[in-house]
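*Asks:* The residues making up each chain are set out below.
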Amino acid sequence: MSTPTTAPPKLDLDPQVVRTARRLAALAAEPVVRLARSNSTVSVERSVLRLAGITGADGEGIPWANRLVEAVRDSVGLQSGVALPVWDALAGGEYADLTALAQQASAGGVAFRLPTGPAADRARRTSRDAVGVGIARIDTNRRTRDRLRERLGDPPTPWVYLIVATGDIYEDIPQAQAAARGGADVVAVIRSTGQSLLDYVPEGATREGYAGTYATQENFRLMRAALDEVSAELGRYVRLTNYASGLCMPEIATLAGLERLDMMLNDCMYGIIFRDINPQRTFIDQRFSRQIHARAGIVINTGEDNYLTTADAVDAAHTVVVSQLLNERFAHEAGLADDQVGLGHAFEINPEIPESFRLELAHALLVRELFPAAPLKYMPPTKHMTGNVFGGYLLDAFFNLAGVLTGQGIILVGMMTEGIVTPFLSDRDLALENVGYVRRAAGHLAEDFHPPRDGFIASRARRVLSESVELLGRIAADGLLPAIADGTFGITRRPASGGKGLDGVVAHAEDYYNPATDILEEVQ
Amino acid sequence: MSTPTTAPPKLDLDPQVVRTARRLAALAAEPVVRLARSNSTVSVERSVLRLAGITGADGEGIPWANRLVEAVRDSVGLQSGVALPVWDALAGGEYADLTALAQQASAGGVAFRLPTGPAADRARRTSRDAVGVGIARIDTNRRTRDRLRERLGDPPTPWVYLIVATGDIYEDIPQAQAAARGGADVVAVIRSTGQSLLDYVPEGATREGYAGTYATQENFRLMRAALDEVSAELGRYVRLTNYASGLCMPEIATLAGLERLDMMLNDCMYGIIFRDINPQRTFIDQRFSRQIHARAGIVINTGEDNYLTTADAVDAAHTVVVSQLLNERFAHEAGLADDQVGLGHAFEINPEIPESFRLELAHALLVRELFPAAPLKYMPPTKHMTGNVFGGYLLDAFFNLAGVLTGQGIILVGMMTEGIVTPFLSDRDLALENVGYVRRAAGHLAEDFHPPRDGFIASRARRVLSESVELLGRIAADGLLPAIADGTFGITRRPASGGKGLDGVVAHAEDYYNPATDILEEVQ
Amino acid sequence: MSTPEPQRHVRAYGDTTGDGMVQLSFTLPIPNDARAEGAAAQLAKKMGIDPAMVVHAKAMGPHFTFFVVYGRSAVVVDLAEVRVVDREYPLLSAADVNLAVRSRLKRKLVVLGACIGTDAHTVGIDAILNVKGFAGEKGLEYYRELRVVNLGAQVLVADLVARARAEQADAVLVSQVVTQKDAHLANTRELRDAFAAAWPDRAARPLLVVGGPRFDPAMTGELGVDRIFGKGTSPPEVASFLVHALLPPVAAGQLPAVPTRAAAVARMPA
Amino acid sequence: MSTPEPQRHVRAYGDTTGDGMVQLSFTLPIPNDARAEGAAAQLAKKMGIDPAMVVHAKAMGPHFTFFVVYGRSAVVVDLAEVRVVDREYPLLSAADVNLAVRSRLKRKLVVLGACIGTDAHTVGIDAILNVKGFAGEKGLEYYRELRVVNLGAQVLVADLVARARAEQADAVLVSQVVTQKDAHLANTRELRDAFAAAWPDRAARPLLVVGGPRFDPAMTGELGVDRIFGKGTSPPEVASFLVHALLPPVAAGQLPAVPTRAAAVARMPA
Ligand code: B12
Ligand code: B12
Ligand SMILES: Cc1ncc(COP(=O)(O)O)c(C=O)c1O
Ligand SMILES: Cc1ncc(COP(=O)(O)O)c(C=O)c1O
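Protein chains in written order, with my numbering: chain P, 3 to 526; chain U, 3 to 526; chain D, 936 to 1205; chain S, 936 to 1205.
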């Protein structure tokens, strides 16, 4: 993020308490990091193949990446990684490329083996070279983005983030362009409802999503090109966002890097809690995906805002902060820089309660000052949005004002039809008018905003922080997986061995080799 | 107003400059006060008759009060006031009462004379007694209001002020009651477009106004009764407002006192500028009407907000302040207490300009701190309200927020259809939801609002104040009437001898007697 | 003047009885040029708004324009024509529900809950089922005589059928919140068909109840389910319906040991 | 996918071409009881919205309910049917207007302006007439060859007729902003009748121009005036129209000394 927050702190948080919070978060994260370092998943392995250039799908739409990983798994297993057997098989020169190999393999025509000695050395070397091509493309994309940002310029914060969600990439494109012309700095294409539970990434341009559009490499490409076009027209680099989330988190991160997406929704626990994906699977996947994001210069957006749709935004305020500290820790461990960690939070307090706006300011300011270098992603009201679109428009305005007053990095502008339908074109335009007015009219109102030291706002912020430290202490002592099983986040219980996708997890054998992590961890 | 502003000042205005401003305002007002003390008008004289109990109208709907004043004027003239010839005529016992006398007189059957000596003494005494009955009723109403306020309780400020404007008193009543149930603290019944230029007050319950409902004694009575009913139901005294403005300003003030209205729009210059009423007529009328308001415990609302509909709200900000200082001076001179002087101002800055909201805050705070004891009436955006009702709803919310942040006494909540139609029932309900949310959610946000001493807001406020002092200096030197003629207020030029109603002005003869002012000035 | 007792025939109300005033907004896929307002007025007029005032027209890029219209709608609403899905059964307390089940069913009543299709919105079904409940009313899990199995989100219809059979479910409660492209209707029809196929004897199949904020409770016939609950449903309404639909009415002196679904089926549209 | 070139037939657009989605809000004079949403849905359906989702219902006291509805409108707009009041004359600069008047009329053109009835909104007519003008464009007083007499507000029609005669006005410009109970239409008809009575020879009567934000410029025929200007009118549009309507076209070589109104009248609907 180019515009770090420089405003002097207003809350006067105790640095000692803040340090304790971070120390406890690291402690709580540690066992999970160990887990992620010593296990792989089918999606991590497929990512390796994708970086090496595998593309396409079979007649049923199942990608060759999936077919090849399945074939390897069925014959020699995945405990050593997919690279060793695959590049060993390729070494014979029988197969034109990875895709050809995959086609043969899925027809049952390839006898994989786990190479050892020089054969293994060679497989490691050649796979590393092949994956290096993909990484090089990611690096090029990163440089291109930097160049475009420099040439076109970055907008001032808070960046305005808008979603499109028609289900049809060809409807999405004009809507995204219209949004950019109307003032959006970031455009997110929401995914079709079912995608996160697919254990493969669909192929090609798609037109049939429900409440969102499939994340595919081709859709990414089409949309990034459309936004490049409009960026040039507007003289402002418009960012593209998608979701590295669900069962294919690592692969989608990879495709994002390959197609120059700019920001990705990517959370260490969202899939567990809101998609009932197995916790171990998620933690392993998120680490790899974050290593890719780190390399690609992609800003991640975490999903703490979602907790407040199932839990109460006042009672559960501290769970948001705890999750942010964990997300930050996992992000740092995977190599993301502070300015790539777009922690999420939200304006979800019941508008019927007294002083609700000041409570929101307290929470937003706490997050701002706890993570001064993070490009915070601030989410609008959703839960308390009803069919009263006028009232909704008003609530969104106060959200926008809270964003401006507390120096948020990215604000996802709310839609007045949130309680009704996925947004209409006009909702988005009205939302842009709303945030445009608030930003222009309030201007530097933050200069006049000074919550007194012992006033309502500062006291509330301190209280949320101390509740967070307390909860982190308990998690550090009892373990993060048990805490999740216990319903700590989003009041949803998710046991460590429940949920979808555990069968896609493989413990590393001693000779496990992953050319991608090999490269990614090297440069760190 | 029961809840004076106790918040510590935030602007640090120079008390020396403030004193200078008030001194210059008094200087500028002085010649006009002299004019008002030495002249009367047909409406002032009709008010005397109304206080003495005259009611009803002839077949053409012209009130007997008008007929009698005309008759006196045609026979002996009005230079000595209407009381002397009328009560002299009544002394013979020929006429049952004032109304009977008026009927005869308008048929040409009464020979008036200007009594002198003991006959004059008697006329003075009997007229004073007769007018005393009306004044006593006003006093009783004031006590009733005080009792009801005490019993039912006063709402916290800012009071929410809503208008109804159907044109039909019987549609107005349920709408006003609905508004009160929805949260209105003050209900204003807007008048029909043409009434201000009528030189008589229509009679009876009316159903045929354009864009407003006629102000009549019966409509006042019906509406006050309806609000008493709903006040009892709600356990909160709901105030009623109308307009003591236009050619019948003194009489409408009188009827308001007689029917226990609570607040009246009443400005020293509005009629001149926005209705092209003669300046001299207006200044004379406003003094008498304010004496009545003072006695009745009625809060007046001045009309400076209107200037910003014809002039630019930034360029002309100081003209609002100058007018407020003049209105305050005239109000004090007529006997109104500080807590009866509801000075008007408005949120009318072009929402397209940067920092418009902070400019509004600067203006609103300046007015608040310049008149700490006044129950300020803060008006919503009107000029920049368009057909975009969503945008309008948003602008109204920021107005409401400005009201809460700067401690306004009364806020007239805006209607999203301001740019389109007189309000629908639902507009009013949505407006109440809007202000309800803002008050509840922002709560005591004013505690966190501290514009820095040399920041944008404080500097702007100081600048407007100094421009005001400068303009007052010029007016004190050159005269208020020439300034008005020159287009100083609302960029509308109104020469002292132009406009409607000058023919209704009469200079006092030496024996001029007005039993009402006699009583009203006595108690001061 | 507004009449306290509404007439049978009413019009929209702006600020005067009978004025018919409505507010309308929409987008047209046309540029905001000279023709735009006329096109918007035409749309409004074809909807019966006359006179129609196009009070706002805003270009959204070169190809789309947003409009706000105010005007008088000619429509007269006939209140006598309004079909209301009345609650034809009494609202019972948890104690009464428990008593009814215990005394009339003599075993626990089994309720299976799920979100089907790709819908992952569980807050609504959880509000009905979880102890925590909704708006201060405890959910069905709190009812001692109900056995609640909540399968959570994104459940396949085939799995739901299998589970209903395995649990011997008396009622299956399905939530659908995502409505884009009428997904909720398509999924409900799939549900109906699968259950009809699995239980060809309609009286034997579990009661099918669907719910979600955008359902029209009057569509039971069309969708072939036993009951539809819309926005703001409270758990007791659902529990009371289950008692009403699944337990035969208490005939004097006679308490059937096993519920027949006949009563419920008889009430259904054919 | 949205087509850059709009079709002749278009529907309202929510987020997909052809989806027909619109938003509607209104009040019904009925309590917010069980029947209310059904009544609202009926109104929407009778306006051709189907399916109609009643997404919000709010009681406003015991006798009224406010509704918000979203749904699909069946209406297809035929862009070929849209009547556009095109500016059939060129937009002239102040210099061109002055030149035209000087060269073709050979005297100053007299313009009388007023708000009639009880309307006191002068900002609109002032924007057209005063030097200050509107949106950066100077008003008609700035044009050297126009003599502008602005009578201000609340002018009686009879006085306006008298003054038009006294000033020998070429054009009378009237503003009407208050539209409650169609006051602007009633006042315009009164204006037309009074001028028709005072100038039975239509060619002799001053040009009648009315304006205001809620006028429909297509209603000239109905209201019997020569031109109607709506919201956002700029002074040059008005000045150019006066030149166009009052000055005969420059036939090659021939410049009539006195304007006839015949040309203008001929263009008017009968
Ligand atoms: C919370 C929420 C989420 C949470 C869900 C968490 C969870 N575990 O449930 C999260 C953040 C995960 C989420 C994600 C998404 N959401 Co969501 N979400 C909402 C939100 C804000 C509130 C819904 C809610 O909880 N309501 C509260 C409950 C109590 O009300 P309810 O569901 O109506 O239930 C009541 C009744 O309807 C009834 N009821 C409901 N079900 C049943 C069943 C039975 C048997 C009975 C008897 C009664 C009953 O009883 C309940 C109590 O009264 C709404 C917007 C809004 N304000 O409504 C959007 C909304 C529902 N989401 C939407 C979308 C599109 C999504 C996504 C698909 C977006 C995306 N592509 O990423 C994702 C993916 C989810 C998926 N795969 O389905 C859309 C749906 C649009 C549409 N009409 O099709 C909405 C309307 C927002 C919008 N305008 O775009 N969402
Ligand atoms: C300013 C204003 C006032 C000022 C007027 C000051 C003045 N000297 O004019 C004051 C405060 C005095 C006022 C008072 C009232 N107002 Co007022 N006012 C407005 C306001 C806020 C803006 C109007 C305006 O100035 N627009 C700017 C000008 C430039 O635009 P315009 O008028 O549309 O003019 C343009 C075009 O229409 C066109 N045009 C206009 N006239 C003409 C004429 C010709 C010949 C041509 C060619 C072109 C042309 O050219 C202009 C430039 O483009 C509107 C609300 C709004 N936002 O629109 C309410 C509004 C017009 N007022 C309204 C009302 C009801 C009143 C009152 C009657 C309320 C009352 N009962 O107390 C009073 C009394 C006034 C009366 N007797 O008429 C209503 C009218 C409702 C309706 N549709 O019937 C409105 C819409 C507010 C509302 N929603 O209730 N008002
Ligand atoms: C971190 C994260 N991932 C993903 C999603 C979207 O859900 P899905 O995975 O169904 O696309 C969200 C939505 O809010 C999110 O916050
Ligand atoms: C002081 C004052 N008087 C009167 C009015 C209303 O106008 P009228 O006199 O036409 O009723 C206003 C309206 O804003 C006002 O501010």
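Worth flagging that the hints you see were computed from the coordinates, not collected in a lab. Computed from a predicted structure; not experimentally measured. Heads up, the beta-carbon is just placed ideally off N, CA and C, and yes, glycines get one too. Be careful, since some hints might not be right.
Stated by the list, open to error - The list that follows gives simulated cross-link-like pairs (lysine-lysine, DSS-like), each with its CA atoms no further than 25 Å apart:
#	chain 1	residue 1	chain 2	residue 2
1	S	Lys-981	D	Lys-1116
2	D	Lys-1166	S	Lys-993
3	U	Lys-385	D	Lys-993
4	U	Lys-385	S	Lys-993
5	S	Lys-1166	D	Lys-993
6	S	Lys-1116	D	Lys-980
7	D	Lys-1116	S	Lys-1166
8	D	Lys-1116	P	Lys-385
9	S	Lys-980	D	Lys-980
10	S	Lys-1073	D	Lys-981
11	S	Lys-1166	D	Lys-981
12	P	Lys-385	S	Lys-993
13	S	Lys-1043	D	Lys-981
14	P	Lys-385	D	Lys-981
15	D	Lys-993	P	Lys-385
16	U	Lys-385	S	Lys-1073
17	S	Lys-981	D	Lys-1166
18	D	Lys-1041	D	Lys-993
19	S	Lys-981	D	Lys-980
20	D	Lys-1166	S	Lys-1073
Claimed, not checked - Examples of chain U residues toward chain P, derived with CB under 8 Å:
#	residue
21	Ser-77
22	Gly-79
23	Glu-435
*Asks:* Hint by hint, say whether it matches the structure.
*Replies:* Each hint, compared with the structure:
For the suggested pair Lys-981 of chain S and Lys-1116 of chain D, the alpha carbons sit about 23 Å apart, so the restraint of at most 25 Å is met. The suggested pairing of Lys-1166 of chain D with Lys-993 of chain S holds, with an alpha-carbon distance near 14 Å, which does not exceed 25 Å. Restraint check: the Cα-Cα separation between Lys-385 of chain U and Lys-993 of chain D comes to about 19 Å, which is no more than 25 Å; the hinted pair holds. Distance hint between Lys-385 of chain U and Lys-993 of chain S is unfulfilled; the C-alpha atoms sit about 29 Å from each other, more than 25 Å.
At roughly 14 Å between alpha-carbon atoms, Lys-1166 of chain S and Lys-993 of chain D fall within 25 Å of each other, so this suggested pair holds. At roughly 20 Å between alpha-carbon atoms, Lys-1116 of chain S and Lys-980 of chain D fall within 25 Å of each other, so this suggested pair holds. At roughly 39 Å between alpha-carbon atoms, Lys-1116 of chain D and Lys-1166 of chain S are farther apart than 25 Å, so this suggested pair is violated. Proximity of Lys-1116 of chain D to Lys-385 of chain P is assessed by CA-CA distance (about 22 Å); at most 25 Å being required, the pair is judged to hold.
About 15 Å separates the Cα atoms of Lys-980 of chain S and Lys-980 of chain D, which keeps this hinted pair within 25 Å; it holds. Among the hinted pairs, Lys-1073 of chain S with Lys-981 of chain D is inconsistent with the structure: their alpha-carbon atoms are about 40 Å apart, more than 25 Å. With a CA separation close to 24 Å, the supplied pair Lys-1166 of chain S and Lys-981 of chain D stays within the 25 Å bound. With a CA separation close to 19 Å, the supplied pair Lys-385 of chain P and Lys-993 of chain S stays within the 25 Å bound.
At roughly 47 Å between alpha-carbon atoms, Lys-1043 of chain S and Lys-981 of chain D are farther apart than 25 Å, so this suggested pair is violated. A hinted pair counts as satisfied when its Cα atoms are at most 25 Å apart, and Lys-385 of chain P with Lys-981 of chain D does not qualify at roughly 36 Å. Taking the CA atoms of Lys-993 of chain D and Lys-385 of chain P, the gap is near 29 Å; set against the 25 Å cutoff, the hint is violated. For a cut-off of 25 Å, the pair hint linking Lys-385 of chain U to Lys-1073 of chain S stands: about 20 Å separates their Cα positions.
Straight-line distance between C-alpha atoms of Lys-981 of chain S and Lys-1166 of chain D comes to about 24 Å, which keeps the hinted pair within the 25 Å bound. This hinted pair does not check out: Lys-1041 of chain D and Lys-993 of chain D have alpha carbons roughly 65 Å apart, beyond 25 Å. For the hint linking Lys-981 of chain S to Lys-980 of chain D, the alpha-carbon distance of about 13 Å falls within 25 Å, and the restraint holds. Taken as a hint, the Lys-1166 of chain D and Lys-1073 of chain S pair is broken in the structure, with Cα atoms around 56 Å apart against an allowance of 25 Å.
Nearest Cβ of chain P to the Cβ of Ser-77 of chain U: about 61 Å, over the 8 Å cut. The hint is violated. Given the 8 Å rule on beta carbons, the hint for Gly-79 of chain U is violated: about 58 Å separates it from the nearest Cβ of chain P. Checking Glu-435 of chain U against chain P by beta carbon gives a least distance of about 6 Å; that is within 8 Å, so the hint holds.
The structure shown violates the earlier hints numbered 4, 7, 10, 13, 14, 15, 18, 20, 21 and 22.
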